[in-house]
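Protein chains: 2
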Amino acid sequence: MAVIKAEIRSGSYFDSAVLMQLQRSMAQLEGIQDAGVVMGTEDNKEILAHIDLLSPEVKAARPDDMVVVVRADTEAAATEALGKVEELLTRKKANVDQVKRPKSVEAAVEMLPDASWVLISVAGRFAAGVARQALALGKHVFLFSDNVSVEEEISLKKEAAERGLLVMGPDCGTAMISGIGLGFANKIRKGPIGVVAAAGTGLQQVTTRIHQLGSGITHGIGTGGRDLKDAVGAATFLMALDVLARDPETKVITLVSKPPAPAVAEKVIHKARQINKPVVINFIARKPTTRREGNLFFATGMDDAAALSVELAANPPDLSVGDDLPVKKFASGQRYFRGLFSGGTLAYEAQFLLEEYVGQVLANAPIKKENQLKDSLKSEANCIVDLGEDEFTVGRLHPMMDNELRVRRLLEESRDPEVAVIMLDVVIGFGSHPDPASELAPAVAKAKAEAEKAGRYLEVVVVATGTDLDPQNLDNQVAQMRAAGAWVSSSNEDVVRRAGSILRALNQEVEAEAVFTPVDLGTLKKELMAINVGLESFAENLTAQGTPVVHVDWRPAAGGNEKLAAILERMKKFNG
Amino acid sequence: MAVIKAEIRSGSYFDSAVLMQLQRSMAQLEGIQDAGVVMGTEDNKEILAHIDLLSPEVKAARPDDMVVVVRADTEAAATEALGKVEELLTRKKANVDQVKRPKSVEAAVEMLPDASWVLISVAGRFAAGVARQALALGKHVFLFSDNVSVEEEISLKKEAAERGLLVMGPDCGTAMISGIGLGFANKIRKGPIGVVAAAGTGLQQVTTRIHQLGSGITHGIGTGGRDLKDAVGAATFLMALDVLARDPETKVITLVSKPPAPAVAEKVIHKARQINKPVVINFIARKPTTRREGNLFFATGMDDAAALSVELAANPPDLSVGDDLPVKKFASGQRYFRGLFSGGTLAYEAQFLLEEYVGQVLANAPIKKENQLKDSLKSEANCIVDLGEDEFTVGRLHPMMDNELRVRRLLEESRDPEVAVIMLDVVIGFGSHPDPASELAPAVAKAKAEAEKAGRYLEVVVVATGTDLDPQNLDNQVAQMRAAGAWVSSSNEDVVRRAGSILRALNQEVEAEAVFTPVDLGTLKKELMAINVGLESFAENLTAQGTPVVHVDWRPAAGGNEKLAAILERMKKFNG
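Taken in order, these protein sequences are the chains called A and B. For the first sequence, the numbering used here gives the first residue as 467, with consecutive numbering after it. For the second sequence, the numbering used here gives the first residue as 467, with consecutive numbering after it.
In case anyone wonders, no lab produced these hints; they're calculated from the structure. A couple of the hints might just be wrong.
No distinction is drawn between identical chains; accordingly, a pair holds when it is met within one copy or between any pair of copies.
What the hints assert, rightly or not - Below 30 Å or equal to it, Euclidean Cα-Cα: the simulated BS3-like pairs (lysine-lysine) are:
{"#": "1", "residue 1": "K525", "residue 2": "K840"}
{"#": "2", "residue 1": "K834", "residue 2": "K733"}
{"#": "3", "residue 1": "K912", "residue 2": "K840"}
{"#": "4", "residue 1": "K912", "residue 2": "K795"}
{"#": "5", "residue 1": "K624", "residue 2": "K834"}
With the rest of the complex left out, here is chain A (with noise of 0.2 Å):
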């Protein structure tokens, strides 16, 4: 029969790997079966039951209480190996190196001025505290700590951002500065791919992806995973994003995030299409429904955000396409797209991937039913027309015949003053009308000269289906339309896509950009060097890699005791 015997200290601060040391001892004392040394917190409660280890004073015993509980085989067993408690923690401090060191931050920094990061794995409660010193001393911090309320974070990160300083996490497992890892991280080559991860391992396993497909990085930011959540609104990862756009040595930027906000996974994608080299972005859970779009590069995966970057850094991606787009030309107030379209695939694949650029696009064949256009006779906002529809056709030409709908409607919606792009299909081969472009190009010119009269510029765009062999003939039918001033491509989705460009710039609202004091990307470049608060082998783990560091003999105040911590800094405002 096993005994379970705990024993509770209260008010008492311990770092993570000291615990794990303490628990690792007793379990190897002699008659002890296991044993558990955590914080009292519910969650660690529960883990204690669950492995046998739960007694009445484990159960009694609060968050900030260091919670030591063993099972042994006999009643004196456990009595021993908790009376060595206090010899096992006095023997593991015994092994601390006993180099004089700093015991506040404020001091390392006068230690070691020239450090830029300050590195903080300090249980989570106290992590803010720290971080805000930091932030005052003029230091980017990297937050390893979790268990840091969102309110806390967002609060460090509006003041890091005043101050043009990172602030990456909290729960921010790894960074890669210069070749220099912060927290967890790997080793990598260096090279011209940055990386910028609301996501830990995210970042590990991209950028170790990297390395063995023989490529590098320049830097590797992480923003901690709750900093695409809407609350925080991608106050790091925007910050990164443009030092990274602004360092030469970045070739190709590389985005990578846990399940994101869609609207702030939005937000940043709209940053990253300004900076003028490739983006290659893997937000996980958002399917891309294509793998280009001007200069972003979208991947499947992580692996294929790995492979995409290196494959881009290796061969750079002609960036000026879409350059030539007419938005300059339009009068105020144009602002719709109108599709009308005879091939109902083509319309399909119109309504999916126009929905990324303007948001709703209404439908008398929608894709979801929220987007049924009401009558399929008027059109409204953004929309498509299938004119290939049951409803057009009952004893009537299938438009790809008969064109005669077509161009009455064409000309209808040229003559609305908000309308500023209308696409059109042409379809050509056996079946179809022997010559359609002999009919639908007057109707482009006249619709728009008619606009040009009225003081509007009218885009109309064109997919022309077919092939050389097709007896109207490809070329014939591209060259007719485009003499009407239409701009034709053979790709439905190139053609939708470069409707979408430009109505997204018309509607283009002045945003509120995210604020913030640029980051001096010197403080990225220049040796690194860091003063760590908290676990000890992060401080080794940067000796390791040549870097001056300087670690803090860091305590709560009070010890841990949150009432009289209270007490202690309000006397210290009072008394400053």
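Following the hints, put chain B in place on chain A, whose structure we already have.
This is chain B only, laid out in the frame that chain A set:
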């Protein structure tokens, strides 16, 4: 002041090409501003109202009435125009080539018994009847007509499945069989790609792009846009896929669809997975999570589908990947996945990818709320636990530093007789445990041995994240885990997909496969001959392609009067 005047003809049947011709002729008459010649459906009356061609007589017209309406400068001009209807119709008839034509499908088959195909483009309400006649005569049906009910479609396709015949449609715009286009079809080079499309212009767009890229097709089989809806259940699509799988000339199969019903899309993909050829899939609005899974290649759009198909035809991929799955080693009842992660992003990506293979995946940090694991300490069904989550790390080291909780949990999971696959991550680098495999590998070996003793097989799969430059050395960690019997890769995606493939194989129910008589491949490959019922231009197009065709001079029974037709039908049955 314009005058609107109309004439209504009841019980007349004219095909839509005749109606269009008449309308154009009327509109060109002296003093006529606009003309409309349509069947009197509600949709058509709305269109007439929209273009100001509505009158009280038009309003009163019924769906099977022919409406002739004009808007004229004067009463006299309107009257004169309507007076010419008969003459214009007769003139149109006189233009028709007077070769002796069969009046029925049966008679046409007698004239051209080797025809394998019947093209049907009569008005929707008569189309199913004609299709049924064609099936009874053992012919494939290309059913261009729209406005055919889904009930009729199901019934026709059921009959076709029994007979091993294809019903392409209703509302099938396009098919290309051995180089001959049916309906709306482009002239596409012959080549190695076979296409199945529940998408008319989708088939045209993809095949024209294939042609433009220098490749070509064997067959392009249309199914009608509703074939992948729940009610129809891919009836034609599965038969078409099956016949292309058996065609030695088809090296790559490409599948295209308008937005499909999700369950039917998965049914098709399931079937496609069993084919020993590369299959490229582009179902609009079904966003892919990967570029490749086994023999399946997922495209982001129609352009991408064409490009991928051409690429795969030119450079056949290795399809043997995944042939080594240990599916037969498991005991009956083993069916679940358990993921024990230290890396949050790895865990999220695993959730996201695994869902495709096993449906719901529970997690302590789920992507979607509904997948929340009730108790993080108790696994259920397929689930993923991130042990780096806040709940596990208060006053405890992160699981990348301390393997204790994971080792305990691994042994616990391995004792669950329903567990088949356990996934771990091993993340190395600065900050991580100095040799995680030294603790995890023995636990894996123990878990596998215990399972074996209990008569089960346990697959442990591991993603190893790190580099050759890391202090722990990636190769060393991989070697230790492999020696313990784990399957290891440095790609998270590869590991998850392997696990997913095993689980899918274990959970594969012996599905009620769609039962059909296979289509005779020979009917697609022999010289195409066809019977055409409906639009004369479709017969002309076949003739232009050098294809033998018999056009049926088809009229609805009782001149389209449905009551009378029903009486005749009953009498026929009674007499027959």
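A quick look at each hint next to the structure:
Taking the shortest alpha-carbon separations for K525 and K840, only the inter-copy value of 21 Å comes in at or below 30 Å, while the best intra-copy value is 63 Å. For a Cα distance limit of 30 Å, the shortest separation of K834 from K733 qualifies both inside one copy, at 24 Å, and across copies, at 21 Å. Only within a single protomer do K912 and K840 lie at most 30 Å apart by alpha-carbon distance; the minimum there is 28 Å, versus 65 Å between protomers. Proximity of K912 and K795 under a CA criterion of 30 Å is satisfied intra-copy only: 18 Å inside one chain copy versus 72 Å between copies.
Taking the shortest alpha-carbon separations for K624 and K834, only the inter-copy value of 29 Å comes in at or below 30 Å, while the best intra-copy value is 39 Å.
Checked against the numbered hints above, the structure breaks none of them.
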